[in-house]
Amino acid sequence: DAGVIQSPRHEVTEMGQEVTLRCKPISGHDYLFWYRQTMMRGLELLIYFNNNVPIDDSGMPEDRFSAKMPNASFSTLKIQPSEPRDSAVYFCASSILGQPQHFGDGTRLSIL
Amino acid sequence: QKEVEQNSGPLSVPEGAIASLNCTYSDRGSQSFFWYRQYSGKSPELIMSIYSNGDKEDGRFTAQLNKASQYVSLLIRDSQPSDSATYLCAIDSGGYNKLIFGAGTRLAVHP
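Residue numbers (the working numbering), protein chains in the order written: chain B, 4 to 115; chain G, 2 to 112.
Just chain B, with the same shape it has in the complex:
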């Protein structure tokens, strides 16, 4: 079975540009999570969805960040405008209620 699929794997862009990260959850999973990982702050939950509806976005750092889930098989995380401090690895994970989360390979984002 296919796991969680994220794209792109690497993104390098200049400060001020819009960045869009994409995620396809495991088929049948009704929870989707976006995380950010840095050396300083570890793995942080940004936002999560249940049945395509955002449940908790308290981890979204500021208004420059937005996330959508238009259907059960696709989600995006956008940063506009991007800043160097947004550089991190962004992970998407999915799960079924009560079951462990499965992570994608992540997107390594570098903002110059």
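Any given hint could be a false lead.
Computed list of lysine-lysine pairs in DSS-like fashion (alpha-carbon distance at most 30 Å, straight line) [claimed, not checked]:
#1 G/Lys43 x G/Lys99
#2 B/Lys81 x G/Lys43
#3 B/Lys81 x B/Lys71
#4 G/Lys57 x G/Lys43
#5 G/Lys43 x B/Lys27
#6 B/Lys81 x B/Lys27
#7 G/Lys99 x B/Lys81
#8 B/Lys71 x B/Lys27
#9 G/Lys57 x G/Lys68
#10 G/Lys99 x G/Lys68
#11 G/Lys57 x G/Lys99
#12 G/Lys99 x B/Lys71
#13 B/Lys71 x G/Lys43
#14 G/Lys99 x B/Lys27
No lab work stands behind these hints, which were simulated from the structure alone.
Please read all numbers here as calculations on a predicted model, not as lab measurements.
Please arrange chain G on chain B, whose structure you already have, making use of the hints.
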């Protein structure tokens, strides 16, 4: 106070020894506990889940949970160099399938 505490390490053990990784948490309502392994440059990979007090064994791995002490641990028997990684402890928060991760413990197994 952090919700999930782990010693950052590095924890260095010789090959063949038992590695003991520990985690404490603050939310007494937590019901689900997980250990993830993360190799450098890779994504977290689930290795153990535990839901009730006591021990749960899976191959060389044993997870131990003590809800009264708010403590969960992971034992790795016969440690191998390939076990060298960062181990993340995670607990559910509020019963909404939302996980809180510890900062992770870096394990180094040397030949």
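A quick look at each hint next to the structure:
1. G/Lys43 x G/Lys99: holds (21 Å)
2. B/Lys81 x G/Lys43: holds (22 Å)
3. B/Lys81 x B/Lys71: This hinted pair holds, its Cα atoms lying about 9 Å apart.
4. G/Lys57 x G/Lys43: Answer holds: G/Lys57 to G/Lys43 is near 26 Å, not above 30 Å.
5. G/Lys43 x B/Lys27: Satisfied, since the Cα-Cα distance of roughly 18 Å is no more than 30 Å.
6. B/Lys81 x B/Lys27: holds (15 Å)
7. G/Lys99 x B/Lys81: holds (21 Å)
8. B/Lys71 x B/Lys27: Judged against 30 Å, a Cα distance of about 12 Å means the pair holds.
9. G/Lys57 x G/Lys68: At roughly 14 Å apart (the allowed maximum being 30 Å), G/Lys68 and G/Lys57 satisfy the hint.
10. G/Lys99 x G/Lys68: holds (19 Å)
11. G/Lys57 x G/Lys99: Since the Cα atoms of G/Lys57 and G/Lys99 sit roughly 22 Å apart, the hinted pair holds (cutoff 30 Å).
12. G/Lys99 x B/Lys71: It holds: about 18 Å lies between the C-alpha atoms, which stays within 30 Å.
13. B/Lys71 x G/Lys43: holds (25 Å)
14. G/Lys99 x B/Lys27: Holds: G/Lys99 and B/Lys27 sit about 19 Å apart, inside 30 Å.
The structure agrees with every numbered hint stated previously.
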